[in-house]
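Undergrad: Spelled out from the first residue to the last, the chains are:
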Amino acid sequence: MNVIDLIEREQERSNIPGFRPGDTVKVYSRVVEGGKERVQMFEGVVTVRKGGSSGESITVRRVAHGVGVEKSFLLHSPRIERIEVARRGIVRRSRLYYLSEKIGKGARIKEKKAVR
Amino acid sequence: MKNIIGRKVGMTSVFTADGRSVPVTVIEAGPCSVLQRKTVEKDGYDAVALAFADAKKSRLTKPQAGRFKTAALPPKRFIREFRANIEGVEPGATVTVAEFQEGDRVDVRGVSKGHGFSGGIKRWNFSGGGASHGSMIHRQPASNGDTNAGHTHRGSRRPGHFGVDRTTHQNLEVVRADAERNVLLLRGPVPGAPNGIVSISATVKRNKRTAGGTA
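The listed protein sequences derive, respectively, from chains X and H.
Start counting the first sequence at 277; every next residue gets the next number (the working numbering).
Start counting the second sequence at 3; every next residue gets the next number (the working numbering).
A couple of the hints might just be wrong.
[Stated by the list, open to error] Rough simulated footprint, nothing fancy, chain H against chain X, three-plus residues with beta-carbon under 8 Å:
#1 282-293
#2 342-354
[As the list claims (entries may be wrong)] Some chain H residues near chain X, calculated using beta-carbon distances under 10 Å:
#3 Val26
#4 Arg178
#5 Arg183
#6 Leu187
[To be verified] Derived CB-CB ranges, DEER-like:
#7 H:Ala95 / X:Glu319: 55 to 65 Å
#8 H:Thr18 / X:Gly294: 25 to 35 Å
#9 X:Ser333 / H:Asn146: 42 to 52 Å
#10 X:Tyr304 / H:Gly190: 24 to 34 Å
#11 X:Phe318 / H:Thr18: 21 to 31 Å
#12 H:Arg183 / X:Pro354: 17 to 27 Å
#13 X:Ile379 / H:Val113: 52 to 62 Å
#14 H:Gln142 / X:Ser370: 34 to 44 Å
#15 X:Tyr304 / H:Thr169: 37 to 47 Å
#16 H:Thr169 / X:Asn278: 17 to 27 Å
#17 H:Arg183 / X:Pro293: 28 to 38 Å
#18 X:Arg314 / H:Lys124: 44 to 54 Å
#19 X:Val308 / H:Gly190: 21 to 31 Å
These are calculated hints, taken from the structure and not from any lab test.
Think of the CB as a built atom: it goes at the ideal place given N, C-alpha and C, for glycine as much as any other residue.
Could you put together the complete structure from these sequences and hints?
TA: Listed below in structure tokens is the structure:
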């Protein structure tokens, strides 16, 4: 196997739950503030999941105080503490760029109910 | 001795201990055998010739094979000479990635990617002209300089063959040196395409972080 694949594989983490664009996730990331480290939570809809192997990243979108905020995270970064899936959504595209043009009711995503 | 020959594998990114993602070039380096010690008395200059990557003996010319025979070493494909940091290196010895450490600064020499006959925009970063609105100069080099001179100044930048030059990228940081796999990870790009052969040596730049740069 290629050395690059080996290096990338070593850095992948295994504790990432399965989720797709349209799902709502909570990302717990470590941030360093004033020399201190703490865990910050960011909850929102996954709009983009791109890249592969250790370079995979996601973009999470939420509306905070009426302002749309998008944050992207490197999925395999050691700065990510953990990721939780809060809600599964039904969407028909892999990149939810249309969300940024919609506000309020238009920006809702239907929930996918668990199949019994 | 911080000199080694390697093969560029490609680029990727790795996470550092403090969680940053760093772009790196992966280089399969060594093990190299020390083929020859050149001296001022005998050869007119001081250098060490390293050899890298096993070769079939039948692939070598007789003069090449002769050098390996003199050193009593198995034949190798690539030979490169290094002139700095070569004290106490004797023919027959082996050089590996273990000579390098995380945080070292190195210079990487290689042959840059070929671009063929290229215009001024690609070769010299010219700005180029307007695309439309009647502009008739699109990617042309435009003026060649002062008309009073009556001739074009020597060394003026013109279109021509670009790439396939011996290029040095100085002061690259060693992000990881994996002696087990004979792999070096260097921060940033190195000259040439994947599978290109590069020479790596301690940097000639004087660094604030790594005092002296050499060593």
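Undergrad: If a hint holds in the structure, say so; if it doesn't, say that too.
TA: Do the hints match the structure? See the list:
Requiring three or more residues with a Cβ within less than 8 Å of a Cβ of chain H, the coverage given for the segment 282-293 of chain X holds, as 4 such residues are present. Against chain H, the segment 342-354 of chain X contributes 4 residues with a C-beta closer than 8 Å to a partner C-beta. That satisfies the three-residue criterion, and the hint holds. For the restraint placing valine 26 (chain H) at the interface with chain X, the shortest Cβ-Cβ distance is roughly 8 Å, inside the 10 Å limit, so the hint holds. The beta carbon of arginine 178 (chain H) is positioned within 10 Å of a beta carbon in chain X (closest approach about 9 Å), and the interface hint is therefore held.
Evaluation of the arginine 183 (chain H) hint against chain X yields a held restraint, the C-beta minimum of about 7 Å falling below 10 Å. Hint status for leucine 187 (chain H): holds, given a least beta-carbon distance of 7 Å to chain X, under 10 Å. Between alanine 95 (chain H) and glutamate 319 (chain X) the C-beta distance comes to about 59 Å, which sits within the given range of 55 to 65 Å. For threonine 18 (chain H) and glycine 294 (chain X), the hinted distance range of 25 to 35 Å is satisfied, since their beta carbons lie about 28 Å from each other.
For the pair serine 333 (chain X) and asparagine 146 (chain H), the beta carbons lie near 47 Å from each other, so the given range of 42 to 52 Å is met. Distance hint check for tyrosine 304 (chain X) and glycine 190 (chain H): the Cβ-Cβ separation is about 31 Å, which falls inside the suggested range of 24 to 34 Å. Separation of phenylalanine 318 (chain X) from threonine 18 (chain H) is about 22 Å and conforms to the stated range, judged on CB atoms against 21 to 31 Å. Distance hint for arginine 183 (chain H) and proline 354 (chain X): a CB-CB separation of about 22 Å, consistent with the stated range 17 to 27 Å.
Between isoleucine 379 (chain X) and valine 113 (chain H) the Cβ separation comes to about 55 Å, which falls inside the hinted range of 52 to 62 Å. Our hint of 34 to 44 Å for glutamine 142 (chain H) and serine 370 (chain X) holds, since their Cβ atoms are close to 43 Å apart. Between tyrosine 304 (chain X) and threonine 169 (chain H) the beta carbons are some 44 Å apart, a value that agrees with the proposed interval 37 to 47 Å. Look at threonine 169 (chain H) against asparagine 278 (chain X): about 25 Å separates their beta carbons, and that is inside 17 to 27 Å.
The hinted window of 28 to 38 Å between arginine 183 (chain H) and proline 293 (chain X) holds, with their beta carbons roughly 32 Å apart. At about 48 Å, the beta-carbon gap between arginine 314 (chain X) and lysine 124 (chain H) stays in the expected band of 44 to 54 Å. Distance hint check for valine 308 (chain X) and glycine 190 (chain H): the Cβ-Cβ separation is about 24 Å, which falls inside the suggested range of 21 to 31 Å.
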